[in-house]
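Student: Please take these sequences and the hints and turn them into a complete structure.
Each residue of the sequence shown is one higher than the last, beginning at 9 in the numbering used here.
Treat the hints with care, since some could be wrong.
[To be verified] Below, simulated DMTMM-like cross-link-like pairs (lysine to aspartate or glutamate); rule was C-alpha separation at most 25 Å, straight line:
#1 Lys127 to Asp115
#2 Lys139 to Asp125
#3 Lys139 to Asp77
#4 Lys139 to Asp115
#5 Lys139 to Asp122
#6 Lys139 to Asp95
#7 Lys127 to Glu138
#8 Lys127 to Asp61
Think of the hints as simulated: they come from the structure by calculation, not from any bench.
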Amino acid sequence: MKSFLNLPAIALGAALTLGTAAMAADEYNVSNGLTLTGNPLGLHGVDPVSMFDGMAPRAGDAVNTSVHDGVDYYFATPQAQQQFDADPAAFLPQFCAFGVKVGKKLDGDVRYADLVDGKLYLFVNEVIFEKYLENPAEVIATANDMWPAIRSTPAGEL
Numbered sequence: 009m010k011s012f013l014n015l016p017a018i019a020l021g022a023a024l025t026l027g028t029a030a031m032a033a034d035e036y037n038v039s040n041g042l043t044l045t046g047n048p049l050g051l052h053g054v055d056p057v058s059m060f061d062g063m064a065p066r067a068g069d070a071v072n073t074s075v076h077d078g079v080d081y082y083f084a085t086p087q088a089q090q091q092f093d094a095d096p097a098a099f100l101p102q103f104c105a106f107g108v109k110v111g112k113k114l115d116g117d118v119r120y121a122d123l124v125d126g127k128l129y130l131f132v133n134e135v136i137f138e139k140y141l142e143n144p145a146e147v148i149a150t151a152n153d154m155w156p157a158i159r160s161t162p163a164g165e166l
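Tutor: Listed below in structure tokens is the structure:
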């Protein structure tokens, strides 16, 4: 009987933990579905470190998986995984700057990417990327101002 008394506390703890992971995943560029660990897959399985090496995206391998903030990232090599693990923030993609500029969280495609001041920005498609390229500094500045207001709002509610 005593173990049932702790059940609500356990359920609450699990809900809070799962809710936090779900929110964190919503803030990153993730694939729908889950990985073997049960987490969403970041960058659609593309090695984030490879994006900083001449903007040449390389497919990651599940053998080289790191988890950051409830999201799994795959890496093409163990060395790339070690680089990421040493400083994840240096390799994480930023939000889709154009999407955030208009108050939305949009998925990103590695084919439409830009590195600005050491930060990786991904865009949902070619049309949006071309609009961004008209004035990248203005788009990023506006998005940086808007991001705090929408960061914790699930994408489906925007």
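Student: For a C-alpha distance cap of 25 Å, please report whether lysine 139 and aspartate 77 respect it.
Tutor: 31 Å, violated
Student: Does aspartate 61 sit within 25 Å of lysine 127, going by the straight-line distance between their CA atoms?
Tutor: Cα-Cα ~13 Å, so holds.
Student: Would the pair lysine 127 and glutamate 138 pass a check requiring their Cα atoms to be no farther apart than 25 Å?
Tutor: 18 Å, holds
Student: Against the 25 Å threshold, does the CA-CA distance of lysine 139 and aspartate 125 hold or violate the hint?
Tutor: 19 Å, holds
Student: Can you confirm whether the C-alpha distance between lysine 139 and aspartate 115 stays at or below 25 Å?
Tutor: Status holds; Cα separation ~16 Å.
Student: Regarding the pair lysine 139 and aspartate 95, is the alpha-carbon distance no greater than 25 Å?
Tutor: Since the Cα atoms of lysine 139 and aspartate 95 sit roughly 31 Å apart, the hinted pair is violated (cutoff 25 Å).
Student: Checking one constraint from the list: CA of lysine 127 to CA of aspartate 115, max 25 Å. Satisfied?
Tutor: Within the cut-off at roughly 17 Å; holds.
Student: Within 25 Å, alpha carbon to alpha carbon, are lysine 139 and aspartate 122?
Tutor: With a Cα-Cα distance of about 13 Å, the restraint between lysine 139 and aspartate 122 holds, given a limit of 25 Å.
Hints 3, 6, counting from the list given before, are not met by this structure.
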